[in-house]
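There are 2 protein chains.
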Amino acid sequence: MYGLCGKAKAHPGGRDALVEHLLKAAAALQQLDGCYLYVVSRAADDPDGVWVYEVWHSQADHQGSLANEAVKELITAGRPLIASFGEYFEMTPMGGKGL
Amino acid sequence: MYGLCGKAKAHPGGRDALVEHLLKAAAALQQLDGCYLYVVSRAADDPDGVWVYEVWHSQADHQGSLANEAVKELITAGRPLIASFGEYFEMTPMGGKGL
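Chains C and H, in that order, are what the protein sequence lines are. Residue numbers for the first sequence follow this note's numbering, so the first one is 10 and each next one is one higher. Residue numbers for the second sequence follow this note's numbering, so the first one is 10 and each next one is one higher.
A portion of the hints provided could be inaccurate.
When chains are identical, the list treats them as one kind, so a pair holds in a single copy or across two.
Straight-line distance between alpha carbons at most 20 Å, and here's what the computed EDC-like set of lysine to aspartate or glutamate pairs gives [claimed, not checked]:
#1 18 - 54
#2 81 - 54
#3 18 - 55
Don't read these hints as lab results, they were simulated from the structure.
Construct all of the structure, not just a fragment, from the sequences and the given hints.
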């Protein structure tokens, strides 16, 4: 498995719009079997911060999703909602509850 | 919902044992309805690093789990496997795939 946890910062006051957009992305990923988890969260310590946590069958599945037409459109449409990117951690999920 | 993503560092060479222990914790959490996700991962950039990503119904459910006898025993038994704690991020999950 392949996992990543990354943070993005919305423009001031724009977090709700960014979260809403990322939840649309999550809905589009429902059809991709290689995506196991895609959780969108508000950061607790930053009023503009949004965390996305993803678990994929493999890094290749994640990479391949970026070529999916629906995903590409969502990335293009979402980019203006992001002021900057923050922490980004890659990991190898070994199991657990909910996987 | 309440989420957290935290990193622990095993003693050199001890990561597999720590991961195995945390997967036992994940198994114990299967019975707790308030715990939605508990994913144990190897950090990609640190041979001793382990990430745990958790999503709970509420912060109170997470807090309450620490009083659960099985969880308490697992925390006590696991503590010697951890050399140090690293990053720790709290968040409010808003939805997504797998929740």
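Okay, the hints, checked on the actual structure:
Proximity of residue 18 to residue 54 under the C-alpha cut-off of 20 Å is restricted to the intra-copy arrangement: shortest distance 12 Å within a copy versus 23 Å between copies. In this homomeric assembly, residue 81 and residue 54 never come within 20 Å of each other (Cα to Cα): the closest approach is 30 Å inside a single copy and 28 Å across copies. Taking the shortest alpha-carbon separations for residue 18 and residue 55, only the intra-copy value of 9 Å comes in at or below 20 Å, while the best inter-copy value is 25 Å.
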